[in-house]
Structures are given as structure tokens and as C-alpha cells.
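Using the sequences and the accompanying hints, generate a full structural model.
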Amino acid sequence: MSEALDADAAAKQARTAQRSRQLLDAAARLMEKAGSEAVSMQALAAEAGVSVGLIYRYFGSKDAVLLAVITDVLTQFEAQVPAAIAEAGDDPVRRVAAAFGAYCRVIDSRRHAALLTYRESNALDAAGRSQIKDLELATVEPLQRAVADGIADGRLVAKHSELVAYNLLLVAHAWALKHWYFERTLDIEGYIRAQLALSLRGLVAPEYAAEYADLLDG
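Using full-length UniProt numbering, you'd call the opening residue of the sequence shown number 1 and step up by one each time.
In short, the hints are calculated from the structure, not lab data. There may be inaccurate statements among the hints.
To be verified - Result set (DSS-like, lysine-lysine): computed pairs, CA atoms no more than 25 Å apart in a straight line:
| no. | residue 1 | residue 2 |
| --- | --- | --- |
| 1 | K62 | K133 |
| 2 | K178 | K133 |
| 3 | K159 | K178 |
| 4 | K159 | K33 |
Here you go:
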């Protein structure tokens, strides 16, 4: 009996997650096109192919939808970046590379939502903006730590690990901000390789360049 209940609970959780994903994706598309102020719950329901009442079961207001769309990108960073770093092993330079790749792939999977981080954050109340800032600081910390480890090991040459980490994060966001331009010649994996090589060539200590030739060649 307990196994059946567990299976039912798991199935319900999966349906809830799928529906939430459907609503967030629809909201991101609409808000990118028209801005959050111009998007009504009725328009969101039509875009998602659901009833307005169903949306209110998941989100109490349009502001709650906007906050959820933006924080969804950051929570994906929170999950994917540390996992990529752990998989990369002990080498700090390869951890930096893995983290950057994870940032870019999350951005690629959430391009519409990533744009809203820049365009619509000011539409949130003070508590929402504070939540986003806290999440952003938390999600960049694993990358910053990997950069700091690389500097401490002498493999990376830089004075400010925070500046390096945020520069890489901004480059990752550029895939969404200027996707119309980059997509003409690059897919996401090509973008990761090219931007990583461009960044690391200015960071990797010369005596270690041969060791990271696969990353520096782009």
C-alpha cells in the first residue's frame, strides 16, 4: 500500500512540475515580447493553453509569476553549476571551464527568462529584487571560489576573483542578450568553446598553457 501511495505522490509531483514548467515558459515568452506590465493572466492562460483559475492555483498574482520566471533561471544555476564543478574534478581551471559551460547551457535553455532578468527586475517589489540579488550572489559563489583556487595555485593570473567570475557570468548572459547575432555563426557549444578560450587566454599562466591547450584553442 505504501509503495502505491509513494508512486501516486511521485506521479502527482511530476505532473505539478510539468505544469509549472509549462506556465513559466509561456510567461517568459509573453513577457519578453510585450513586457510584464502588458501581460494579463488571461493572456498567459491563452498562451499556456490552460484556464485562468489553474494559473492561480500555482501563482497568486502576476508579480508572483514574474518573480518565479526570473528566479527559475537562478535556481537552475544553483543546481547545475555546482554539479558541473564537482564532475570536473580537482583542477581549478577545469572547474572554472565547467562552471562557465553550465551557466551558458542554463541560459540557453531559459533564454526568454534570462532576458527578463535585465528588462523586468525593476517591476518587482523590494522583497523580490532583494531575493534575486541574494540568489545571484549565491549562484556566482562556486565559480568565484574556483577562480580563487586557480589564482592561489598560480594557474590563473588575476587580482580579483570576483571580477573574473562576474565577467564570465556576463559573457554567459550575452548568449541571451545578443542571441540574434551569435546564432548566425555559433551554436551554444561553439559559443562556450570560443568564449572560454578567449577568456582563459588572458587568465591562464603561460607556464600552464600547454596543459590547457584543449580549452585555449577554442
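Hint check results:
1. K62 / K133: holds (20 Å)
2. K178 / K133: holds (23 Å)
3. K159 / K178: Status violated; Cα separation ~29 Å.
4. K159 / K33: violated (40 Å)
Comparing the model with each numbered hint stated earlier shows that hints 3, 4 do not hold.
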